[in-house]
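Participant: Start from the sequences and build out the full structure, keeping to the hints where you can.
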Amino acid sequence: MLSCKDVTQLLSEAMDASLPIGKRIGVRLHLLICKFCLRYKRQLLLIRETARRLAAIETTPGLPAGDALSADARERIRKSLATP
Amino acid sequence: MAKPANTDPAEWVDRYGDYLFRYAMVRLRDRSTAEDLVQETFLAALKDYGSFTGKSSESTWLVGILKHKIIDHFRHQAREAPLGENDLREHPDPSSFDGSGHWTSGPADWGGNPADLYREKKFLDQLAKCLSGLSPNHANAFTLREIEGADTGEICKVLNVTETNLWVILHRARMLLRRCLEANWFEKSSKKGS
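Protein chains in written order, with the working numbering: chain A, 21 to 104; chain B, 70 to 263.
Using 30 Å as the maximum straight-line C-alpha spacing, the simulated BS3-like pairs for lysine-lysine come out as follows:
id, chain 1, residue 1, chain 2, residue 2
1, A, Lys-25, B, Lys-226
2, B, Lys-226, A, Lys-43
3, B, Lys-198, A, Lys-25
4, B, Lys-191, A, Lys-55
5, B, Lys-136, B, Lys-190
6, B, Lys-124, A, Lys-99
7, A, Lys-25, A, Lys-55
8, A, Lys-55, B, Lys-190
9, A, Lys-55, B, Lys-198
10, A, Lys-99, B, Lys-138
Don't read these hints as lab results, they were simulated from the structure.
Facilitator: Rendered as structure tokens:
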């Protein structure tokens, strides 16, 4: 019988590779009766979505929001491009 | 066929500088490293300008160069600071579980509709902040996997770890990020609401 501690590890592993059938069934049965592990799984998936969203939003060209190069860095890079 | 209109390299900084910088910041979490790699990207692009065919857009071409530089940086960091005992200890948060491996208090209910959360800019910022709090090995593994979408085989090569170790690292990274978000976002917002 898998413990919650085992299941949290397997849930993470299942996000990166497919689990062997026995473990997959074990996890599925555990999630039917354990609301904490089910919640944990949903939160990990939410974190994955958020990370993807973070990558997408920060790199949409033309979006004015977010970080910008500092004036110093801009100047330094411009100079280095002019005198390679 | 019309020749693609390339920009004068003198205009690159104004045109692509912030875009490349943001791309680097999300992945590197450090201003000065991000600035350095943006500079190196432009210099490499300038040297290689003749080979730019215009098949992809100029920004895609530049991002491609930057991406390689970021991965090289991760590779270098992994060599400088290889995994320690601490990175591999299985459970970052042993108090979450009792002796038989059951949750002691369990993850909190994040309430509302969590699916809407990831659209919130502040929540994205909080995740970025939590990510900066992880050790470089954990943060880089998470970044390669979840932000870059690399598969585990590639990540193992970059970070020079076995697949089994990578699973442990990713498990730890996710667990620590989850705990950090719960402590800094959900507990604060539930207090705000009361």
